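*Asks:* Those protein sequences? They're chains A and B, same order as listed.
Mapping to my numbering: the first sequence position 112 is 126, numbers consecutive.
Mapping to my numbering: the second sequence position 104 is 115, numbers consecutive.
These are computed hints drawn from the structure, not numbers from a lab.
Derived coverage of chain B by chain A (criterion: at least 3 residues anywhere in the stretch with Cβ under 8 Å from a Cβ of chain A; other residues may be distant):
#1 32-44
#2 101-114
#3 123-129
None of the values given here were measured: they were computed from a predicted structure.
C-beta: ideal position from N, C-alpha, C; glycine also.
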Amino acid sequence: MTAPQPPTELASGRTPGHPGGATAVALAEAPANALAAAAFGAREARAACARVGDGRLLRDAADYVVIGSGAAGATAARALARAGADVLLVEEGPPFVPAAPPADVTVAQMRYFRDHGANFIGGRSMMPVLQGRCVGGSTAINSAITWRLPDDVYGTWGEDAAVAAAWPQHVLEARFEELERDLGVRPIDRAVLGRNNTLMEQGAHALGFDGRVIERNETGCRGSARCVQGCPNGAKQSMNLSFVPDAQRHGARLWTGCAVRRLVRPLGSGPAAARGWIVEADFQDFDAPAPSEAWGPAAEIHARRAVLVAASALQTPCLLRRSGLAGAGGVAGDYFTCHPGTAVGGVFDDPVRMWEGATQGWESAHFRAERFKLEAIALPPALLTARLPGAGTTLMHAVAEMAHVALWAVQIRPRGRGRVRPAGRGGFRARFDLAPEDVTTLRRAVRLLCEMMFAAGAREALPGIYGLPPRVRRGELDLIDRAPLDTRAYNLVATHLFGTARMGSDPASSVVAPRTLEHHDAPGVFVLDSSVFPTNLGVNPQHAIMAIAAEATARLLDRH
Amino acid sequence: MRLTAYERRVARCMAGAIFPKTAPALPGGEEVATDAFLEEWLARAPARMRLGARVALWAFALAPLLLIGRLALGTSLDGEVRDRYAAAWMSHRLYLVRSLGLFLKAMASFAYFRDPRVQAALSLPGA
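Just chain A, same shape as in the assembly (with noise of 0.2 Å):
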């Protein structure tokens, strides 16, 4: 580990990658594809350090570094660039290549997911957890479903008065108007929805349920049900193909393969807020040779005025804690609330072809007030297999009546909580216990699901509780009500994280400032990932993580 330094540019200003001078002409009309190319990742910071006679460790400087490319790290590296401000944006991951995702599964995961997808959160049951590790993060496996904060969320943030002044329902709206504009939210094209989501609707609907065909920020999605692995055909908006180009267009630098270790605070005199922060970061290169080989430069970027971690709720108190910003209670990585899920299976007599349509088309919001909310999934087959029922010839069948099966989903919005802490070099351990009514609400909603898909016409239903026959009929719907209420019995995966450096008033009980989203004990480093929400939302949080990013962006760019 280096000891702090003051900074020490490179003799030729800023690192090469960076779209400045001519470069930036031509970038300006560059599509996506030619920015995620001038990313700046390991290879060139080794080149540059050779450049300037130190092999291992490269020095930079920037008014702002964002930490983290996903939704909230875009949006603020943005907003930045576009106020003409000198920002370096620093992905762990690679560039996320839009010419060329993978169709096969295995691939995206080694390559954009973090761990291979092999991450979990412990407790009482295991919870696989998936996080996008690329250029745009999240945003660049997930289904890109958009929904503004909902009513009776502002109702719960408001329960804290200094975080309902700071975070007015007008002020979110008219950025998620702002964002939808730019991002082209809309209703998926009933063209594409495909089987898997239609089935869901007929199933809804003739048992009285709301629900509507998911609003996403795409343009012209073919319906390749391949969200997971990266859109095919560039049409969902993630952040790779919208908002980190646009910052790039704008001046802004990219750097990938930079996995950030700590912050500190540079030596000199003067007060501390005006010596900004020392970003210690070590660079990875993904096409290494031999994992031995991958590792280095390390790097020390100045941040000088302000250092915004938008790293996601798992990573980002992580690196808050390993900077000795846990904060004055300790608090950073507690508080941990996610929305965890299931997903049930239907058997149909008429194909379904789950990966002909929109990976995730229709949802139900019906049960908001039950806690919990249904939506269709499109799983590619190898993930599928998960949740077949057995292995050997009963695994075998059910893989031949694969194109018959029909998958819905259930998310929960739990009363749990649970915590995050570092683990490894830039691991996470992270344990999260359902309460025991989220175990009976998980168990009603997997009823619900199976009775969804017999009014929509399936032969069997596969509610993969263990205890319970894998296939259940009709008239053994009363099954699930004996159902064991214990989450090792539930396949369950963890979505949508939040709570681990919540904004409040208290600095004993939460990490940043209500307003300004600043760390309390911390000046000049800023928390803008869903980490600051005080609560989960029970819905998918990408859209409120920009809004809350965008506008706090704003109030950054006033302040200076």
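Position chain B relative to chain A; hints supplied.
*Replies:* Relative to the frame of chain A, chain B by itself:
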């Protein structure tokens, strides 16, 4: 990560147990290069995952006695016994065993569904 020769054999047997050959047109798991896939997949995986994969493979090799009361290695099972053994991983009363079984199933699935013959037989995208 290089698997040992025995671990490679376990990987292929495990895939064959989870995806047995049940129809002429559809390859069984043993016909798919699960071992080669695992080496590629784990080469840059986090240490925790590499360890987990190795533990899972060895558990598959050693657990027949515990799971189905058969004093044998997982690699030596065949037919109905092997099928019963594969199913036992998924339905065991211990959550840890079921979780390990799901991990085995996931590894086998990743290799299985990237095989062009499987994709073609099932008319899957990518074929």
